[in-house]
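Chains A and B, in that order, give the protein sequences.
Heads up, the first sequence stops at 873 in the working numbering, and the numbers go up one at a time, no gaps.
Heads up, the second sequence stops at 873 in the working numbering, and the numbers go up one at a time, no gaps.
It should be emphasised that the hints constitute simulated quantities derived from the structure, not laboratory data.
C-beta: ideal position from N, C-alpha, C; glycine also.
It is possible that some hints are incorrect.
[What the hints assert, rightly or not] In silico lysine-lysine, DSS-like type, Cα no more than 25 Å apart, as pairs:
{"hint": "1", "chain 1": "A", "residue 1": "609", "chain 2": "B", "residue 2": "766"}
{"hint": "2", "chain 1": "A", "residue 1": "766", "chain 2": "B", "residue 2": "495"}
{"hint": "3", "chain 1": "A", "residue 1": "384", "chain 2": "A", "residue 2": "476"}
{"hint": "4", "chain 1": "A", "residue 1": "527", "chain 2": "B", "residue 2": "384"}
{"hint": "5", "chain 1": "B", "residue 1": "584", "chain 2": "B", "residue 2": "533"}
{"hint": "6", "chain 1": "A", "residue 1": "527", "chain 2": "A", "residue 2": "495"}
{"hint": "7", "chain 1": "A", "residue 1": "766", "chain 2": "B", "residue 2": "766"}
[Claimed, not checked] For each label pair, taking beta carbons as the anchor points, the in silico distance ranges come out as:
{"hint": "8", "chain 1": "A", "residue 1": "394", "chain 2": "B", "residue 2": "857", "range": "43 to 49 Å"}
{"hint": "9", "chain 1": "A", "residue 1": "472", "chain 2": "B", "residue 2": "857", "range": "20 to 26 Å"}
{"hint": "10", "chain 1": "B", "residue 1": "444", "chain 2": "A", "residue 2": "553", "range": "27 to 33 Å"}
[Claimed, not checked] Taking beta-carbon pairs under 7 Å as the criterion, some of the chain A residues facing chain B (in silico):
{"hint": "11", "residue": "422"}
{"hint": "12", "residue": "424"}
{"hint": "13", "residue": "427"}
{"hint": "14", "residue": "428"}
{"hint": "15", "residue": "455"}
{"hint": "16", "residue": "523"}
{"hint": "17", "residue": "529"}
{"hint": "18", "residue": "530"}
{"hint": "19", "residue": "551"}
{"hint": "20", "residue": "682"}
{"hint": "21", "residue": "686"}
{"hint": "22", "residue": "741"}
{"hint": "23", "residue": "790"}
{"hint": "24", "residue": "792"}
{"hint": "25", "residue": "794"}
{"hint": "26", "residue": "808"}
Number of protein chains: 2
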Amino acid sequence: MNYFDLTETEAFRKLSAYHKGKPGLKELLTPEAVRKYVAPAGKDLFFSYAGKGITPELVQLCQSLADEQECIAKYRSLLAGGIANRGENRAVLHHQCRSAETDTFYAREKEKFYAFSDQVRSGAIKSSTGKVFDTLVQIGIGGSGLGPKALYKGLFGYCQAEKVTPILKGEFISNIDPDEPASVLSRINPETTLFILVTKSGTTLETLTNYAFVKEYIQKKCPAVSLEKQTVTVTAAGSPLDDGKQFLAVFHIDDFVGGRFSTTSACGGVLAATAFGREIFGRFLSGAHCSDILALNEKVEENAALMDALLEVIDVNIRRIPVEAVIPYSAALADFVLHLQQLYMESNGKPAPYATCPVLFSAVGTDCQHSFFQQLHQGPMEVPVEFIGFRQSQLGTDVQYKGSSSQAKLNANLVAQITAFAEGRSNADINKCFPGERATTLLYGDRLTPENLGSLFAHFENKVMFQGFLWNINSYDQEGVKLGKELAASALDMQNSDNPILKSYYSFF
Amino acid sequence: MNYFDLTETEAFRKLSAYHKGKPGLKELLTPEAVRKYVAPAGKDLFFSYAGKGITPELVQLCQSLADEQECIAKYRSLLAGGIANRGENRAVLHHQCRSAETDTFYAREKEKFYAFSDQVRSGAIKSSTGKVFDTLVQIGIGGSGLGPKALYKGLFGYCQAEKVTPILKGEFISNIDPDEPASVLSRINPETTLFILVTKSGTTLETLTNYAFVKEYIQKKCPAVSLEKQTVTVTAAGSPLDDGKQFLAVFHIDDFVGGRFSTTSACGGVLAATAFGREIFGRFLSGAHCSDILALNEKVEENAALMDALLEVIDVNIRRIPVEAVIPYSAALADFVLHLQQLYMESNGKPAPYATCPVLFSAVGTDCQHSFFQQLHQGPMEVPVEFIGFRQSQLGTDVQYKGSSSQAKLNANLVAQITAFAEGRSNADINKCFPGERATTLLYGDRLTPENLGSLFAHFENKVMFQGFLWNINSYDQEGVKLGKELAASALDMQNSDNPILKSYYSFF
């Protein structure tokens, strides 16, 4: 495999040169382009990219760049177990969590937690005081919290609408801020709560501290409850939490699945299968797997994740825009965008001789139309927007008001924003002028089902992977979090710390 | 008053020239600087800005810029009722909502909703079926939702800890997505719920549609409930919702308080006074008022809001960084940062011949250390960070684990991050190298009390106001949201729409 810096490639130079003379978006965004530039991103999920101002030449140049950086070959190598995490000399295997293969470590773990979840859901496994579990509290931070929470919140409404029974209530503790566990504990009944303690190393300070917090609270409030017998751990084999005697159950993850790529592993699976059942989680996995297959397509115009990656690299490295917004028009995806922020920025916010990952920010529409969209329409800097929308609502309850349903209004707003960003509107008064020419893309499907949510997770994971290949960076380590961890430990041992700045700031607290 | 573009001022030119030769942050950030560069931002809230790399010359040049743009004179004029919203030829009066004056429109409305909230809280005003209210649902979008929700969530834990009685449960409906009202309605008991319908114009499509949604739901599920008799409106006099016969009560706001500046008005006040009592809301207002007074200080180094504004203008217009992160180390402020996003970007994301408002993104610490901090430490682009932290937790429940409390760990992490951003750490391996020289500021206080939350709201409102003065833009209109609204109306009337792009995209839905 060849590894080139982006700017060393022939294709990038040609793409840069072509882009300078490319016609504007207002000229290129025609009804034909909207129909033509759509790629499948899942079984029922599509990626529309006409809003970037596409020409056949641009597609061809994107193809050349993808080919020169060997994006598909590198993806195939990753799938085959090659060393894709070059910094840490490791394979990257999260795709196996949703592959069709049954003879993998991940498939075997999945069968284990499926069996466990069946027993909790049927009431065969009960709490330490003999109660049926009705609540799950996931204790984990970063990838052990954000993705699983996005999965849970993303499918809760779907399961309600489809009358999945039972639905276990999900709560999440991640932050070391003691107000977070205190607040969650004030809302739950410890006698009917199963705790899912997720840390690959078994040593994450926030997670262990929060577990100690929970233990102390429960010992005081419900001494009859044996916390460990209501706790399952998700951890690496051999970690301090890999103790099937101490805990109700232990499920394994390993070093080949990074935290932010772990939602389809036991990190998200124990929670989702227990809360909603194995069938729902299985459908989520099948949606992710479908997108993984689609991402193998060598033709960029038919490969949604790769095209999405390439067009954003143009935004960042040719158009020199360091930010991107992802805006789902679906309230159920409010937590998904927080997961995306980690996925993007922790994976590709890496040192390089050129700009890499854009700052990703987000909120759900239409809320953000009444918040930061003012700046996106009229601010001096363009912010590319990736929209997500669905034909149907998740819960199916709606109202007709002034001649249309809320869902119709929601989607009318979505397409209106895309159109307004592209077309703009001129006005002699600068304060009433919309420059237009602002790029957007759109992921759309029929409804936010388990399959579509799985496809969304995988689409963005694969997009981020391809961007790592294009930028020639390692998307799978996170060296940048280490210094802060060490200094925090030093601050806690203040009498022995010799850092005067740390001491000065700490005196404020 | 003189109005100059930022780049036309003598002071900006001098500041730019000085900044080029300024020593680096590693050199300037000394324990003395940390002690010295602190300004009061509230009764018990302080703004530490040594992390920006401050010199006496820089302070002097900032002073010159503030003076040349007449920041304090413009603020005084605004307070006195001058036309600060020049685009719409209006006064800007949100400071009056928390001023000590009792003979204002806002003070009289406050007395009205205080009396109402007392009666709801005592049970003197009951639901239409004779029940005591225990839940509030605020229906409002943009400034009618984000700020009030941030206020409610910001003080809920404090009121729990201080055993305020009763505490009414707060729920929020803003989005036109039908899944949002459906989800909220599934969690509440209509017989004990008071609805607060907030729209200044009385015509906001999302808000009226959601009210219709609620009405249809309640008519089906609880026909005994008379929704209007359990609804108060917060609206402008003369609006379609200004109807004291139809609704349980009506409270007024007016055109001189913009949505994103309205949390201290009836928009936030009816909710907070009813949920927590007038005393708590009064303390919130007093904290905001204290910050308003502090922002009158002519000396920039003693004026937290003005200094914060100036240092960010340097980041944007001299250092040319188009993004900023605000990171509270307090889980109770998770919603506050969404309010800030609107406050910043809708106020100052305006057309100008130079960069204006940075893209604001955020999350709470320590969560984001395990999410996007990788990029902030090692990404090619610096992202200035404004931290917020408190000595004590809000709820007061804590645990000792490995020799320290969670609150001590939380704050150790905060100061460690500031130190790591500034100092960095060199390493021959670029993947292990932290460049350092990354700027931060810190707002800190003893605890997130009602007063401190009020000060935080006012600090950022005043910061945004000063930035509007510095950039010579109108922070008080929002022309940029109009085109999208018009096109959405057009999309809903598709057979009569003549926009082919709108139609093409709408065919996906």
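Verification of the supplied hints:
For the proposed pair residue 609(A) and residue 766(B), the alpha carbon gap of about 23 Å is at most 25 Å, so the pair holds. Between residue 766(A) and residue 495(B) the alpha-carbon distance is near 33 Å, which puts this suggested pair outside the 25 Å criterion. Proximity of residue 384(A) to residue 476(A) is assessed by CA-CA distance (about 55 Å); at most 25 Å being required, the pair is judged violated. At most 25 Å may separate the alpha-carbon atoms for a hinted pair to count; residue 527(A) and residue 384(B) exceed this at roughly 64 Å.
For the given pair, residue 584(B) sits about 23 Å from residue 533(B) by alpha-carbon distance, which is consistent with the 25 Å threshold. Between residue 527(A) and residue 495(A) the CA atoms are separated by roughly 23 Å; this keeps the pair inside 25 Å, and the hint holds. Of the supplied pair hints, the one linking residue 766(A) and residue 766(B) is violated, its CA atoms being roughly 61 Å apart against a limit of 25 Å. At roughly 22 Å, the beta carbons of residue 394(A) and residue 857(B) sit outside the given window of 43 to 49 Å.
Remark: the range hint 20 to 26 Å for residue 472(A) to residue 857(B) is contradicted by a beta-carbon distance near 56 Å. Distance hint for residue 444(B) and residue 553(A): a CB-CB separation of about 56 Å, inconsistent with the stated range 27 to 33 Å. Of the supplied interface hints, the one on residue 422(A) is violated, with its beta-carbon coming no nearer than about 19 Å to a beta-carbon of chain B, more than 7 Å. Here the hint on residue 424(A) is broken, as its CB sits about 24 Å from the closest CB of chain B, past 7 Å.
Annotation: interface hint on residue 427(A) violated; nearest CB of chain B at approximately 25 Å, more than 7 Å. Interface restraint check: residue 428(A) against chain B, minimum CB-CB distance 25 Å, threshold 7 Å, status violated. A hinted interface residue such as residue 455(A) counts as satisfied when its beta carbon comes closer than 7 Å to some beta carbon of chain B; here the least separation is about 19 Å, so the hint is violated. For residue 523(A), the interface hint is violated, the least distance from its beta-carbon to any beta-carbon of chain B being 12 Å, above 7 Å.
Here the hint on residue 529(A) is broken, as its CB sits about 15 Å from the closest CB of chain B, past 7 Å. Because the beta carbon of residue 530(A) sits about 16 Å from the nearest beta carbon in chain B, more than 7 Å, this interface hint is broken. With a least beta-carbon distance of about 11 Å to chain B, the hint placing residue 551(A) at the interface is violated under the 7 Å criterion. At about 15 Å, the closest approach between the beta carbon of residue 682(A) and any beta carbon in chain B exceeds 7 Å, and the interface hint on this residue is violated.
For residue 686(A), the shortest C-beta to C-beta distance to chain B is roughly 5 Å, which falls under 7 Å, so the interface hint holds. For residue 741(A), the interface hint holds, the least distance from its beta-carbon to any beta-carbon of chain B being 4 Å, beneath 7 Å. Given hint, residue 790(A) at the interface with chain B, is violated; its Cβ is 11 Å from that chain's nearest Cβ, farther than 7 Å. Taken as an interface hint, residue 792(A) does not check out: its beta carbon lies about 13 Å from the nearest beta carbon of chain B, beyond 7 Å.
The criterion of a C-beta within 7 Å of any C-beta in chain B is met by residue 794(A), whose closest approach is roughly 5 Å, and the hint holds. Taken as an interface hint, residue 808(A) checks out: its beta carbon lies about 5 Å from the nearest beta carbon of chain B, inside 7 Å.
Hint check: violations occur at hints 2, 3, 4, 7, 8, 9, 10, 11, 12, 13, 14, 15, 16, 17, 18, 19, 20, 23 and 24; the rest are consistent with the structure.
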